[in-house]
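Chains A and G, in that order, are what the protein sequence lines are. Sequential numbering of the first sequence, starting at 1, is according to UniProt numbering. Sequential numbering of the second sequence, starting at 1, is according to UniProt numbering.
By construction, these hints were calculated from the structure, which means they are not laboratory data. Incorrect hints may appear among the rest.
[Stated by the list, open to error] Simulated crosslink set (DSSO-like; lysine-lysine; CA at most 27 Å straight-line):
(1) G:Lys199 x G:Lys137
(2) G:Lys128 x A:Lys154
(3) G:Lys132 x G:Lys114
(4) G:Lys199 x A:Lys41
(5) A:Lys154 x G:Lys114
(6) A:Lys41 x G:Lys72
(7) A:Lys154 x G:Lys199
(8) A:Lys245 x G:Lys135
(9) A:Lys41 x G:Lys175
(10) G:Lys72 x G:Lys175
(11) G:Lys199 x G:Lys189
(12) G:Lys135 x G:Lys72
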Amino acid sequence: MSSTDKKPSSPMLDHDKVADQASVYVAQFERQETPLQRFQKFLHHYPIAAPLIVLVLAIISFSVIVGDRFLHPFNLSLVLQQVTIIGVIGVAQTLIILTAGIDLSVGAIMVLTSVVMGRMAVNYGIDPSLSILIGIGVGALAGFINGLLITRLKIPPFIATLGSWNVFFALNLWYSKSETIRSQDISSVAPLLQWTGQTIDFFGARLTYGSLLMLGIFFLIWYALNWTAWGRHVYATGDDPEAAKLAGIRTDRILMSVYVLAGVVCAIGAWVLIGRIGSVSPQAGTMTNLDSITAVVIGGCSLFGGRGSIYGTLIGALVVGVFRNGLALAGVDVLWQEFTVGILIISAVAIDQWIRRGKA
Amino acid sequence: MTAHYDQTPVLQTKNLVKRYGSVTAIDHADFELYPGEILAVIGDNGAGKSSLIKALSGALIPDEGEIFLDGKPVHFSSPMEARALGIETVYQNLAVSPALNIADNLYLGRELRKPGILGSVFRMLDKKEMEKRAKAKMSELGLMTIQNISQAVESLSGGQRQGVAVARSALFGSKVVIMDEPTAALGVKESRRVLNLIKEVRDRGLPIILISHNMPHVFEVADRIHIHRLGKRAAIVTPQSHSMSDAVAIMTGAMDVNSPTQAA
């Protein structure tokens, strides 16, 4: 066994030897950076900067256009309440977009579960806390169905949730008989359902329990995404599913857990929705789908998965809330609000692409 | 380097068979990997070497024959089981997650949790410990030209990414590291680094199975070369006993070797 100890004629080629001593730098270019390029680099380093800048600019613009009414504490707390729903649903959407999916059914799940909660408590006289739990269970089931369609039947998330959106929304209309449950009926039987709309004084600002609940959800999901193995696996699954599988991650299970969790979060969003509008309406929250996707995308999440942060979504939700509120105060027709949110999505993705090109 | 051919093979197969319908991918193949060696596996396309490697890494379940790890018969029904027994595989397509950082990638799928209630109840990751160990492993393998362990893998070059994959296998592989075309996607200089890295891992006591089409690379680092042809081992040669053209000739069937010779 001595022959392996030395290699008399190394087959190492000459060019390989040369390569060993070669410069590490393949090519270098002297380049003067324009301010724009430096800005691009800055945004690439701090992904949270872009949505923050947009938020600040939006607040300044609306303060100038609309005036004092916009900055009035009452209005700001209104913005916050509007943002609460987008924020909660945005959390669900973030989880799914991180896995390179998309969920068009989040709004429908929210409305369906709000109807379930309302009817359980008001029509069937079930204990309100149990009604909420049943609603959350229905949300989890809805997410589970989405997950099955995507992981078992291998239907692309866009198509799967486009279908389930319609199915869930139709179920919602059927189950609610297209009737609204009045606010006073809820407050007499199940005030707990409206608890999320109650306000508390927080150093002069009026916060709803719903907004606190939203912040709690943001914190929990932030923790799960950043400090648990599950969170790493969610990112890895969205980033490169093949590499994740080779590393031993059961990506189908991760996807399943993400869709179920998103369903649960949507159901909590339903509770917040009931508190916000007081009643239970099968027609409420129709804009939530587009708004949640906008919030996530403005927040810097990549639609291709694996990149983004949960706090970006919070800022993104604030941007959407500020735009909707500011435009409404400025007396702009609702249709132009939709127009603006649409432009916001496209701009956010365009800026994102531009920032990524500044990597080199 | 110290290869021990008188010891029990670390990984061994006897009469391994795998059929796909009428095609026999592995045809009563024998295979031995000894402690402390780099064993290259070469063979023409379709010779069945990737089927053999898949059987060894648990990605394929053979129809007949036996696999021995340290002399004991083992049966893998998934890559996870092979991995749990200390057989790590580095894939040619740079199986790392670009958006995650180096430490996250090293521990992907095998994260460490904090001790105590933080880890058991709150499932909290022990990021510090993972970064510490990742750093230690990377510098042990001479890879700490990568300055920052928390930088995203996408900012690394192809060779550095392969370095991360190799470091991962060295971190967790307690018995065998299988490398499937580790230099196929790399440039000349990057290939050199990875080859040095392979030797480094071997010198630290982990035997390596190297699958490669690159003859100069094989002849440079391998202690022995297993030549696969028509689903089984055609010969075992060493870089000293045979030339590259001999190896290619055996591989393609142009030259006949009467009996597989042990390295000696």
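A quick look at each hint next to the structure:
1. G:Lys199 x G:Lys137: Judged against 27 Å, a Cα distance of about 15 Å means the pair holds.
2. G:Lys128 x A:Lys154: Violated - the C-alpha atoms of Lys154 (chain A) and Lys128 (chain G) are around 38 Å apart, more than 27 Å.
3. G:Lys132 x G:Lys114: Holds, at roughly 14 Å.
4. G:Lys199 x A:Lys41: Judged against 27 Å, a Cα distance of about 39 Å means the pair is violated.
5. A:Lys154 x G:Lys114: 36 Å, violated
6. A:Lys41 x G:Lys72: 56 Å, violated
7. A:Lys154 x G:Lys199: 43 Å, violated
8. A:Lys245 x G:Lys135: Holds, because 24 Å separates the two Cα atoms, which is no more than 27 Å.
9. A:Lys41 x G:Lys175: Measuring from Cα to Cα gives roughly 44 Å; hence the hint is violated.
10. G:Lys72 x G:Lys175: 13 Å, holds
11. G:Lys199 x G:Lys189: 16 Å, holds
12. G:Lys135 x G:Lys72: 34 Å, violated
Violated hints, in rising order: 2, 4, 5, 6, 7, 9 and 12; the structure is consistent with all others.
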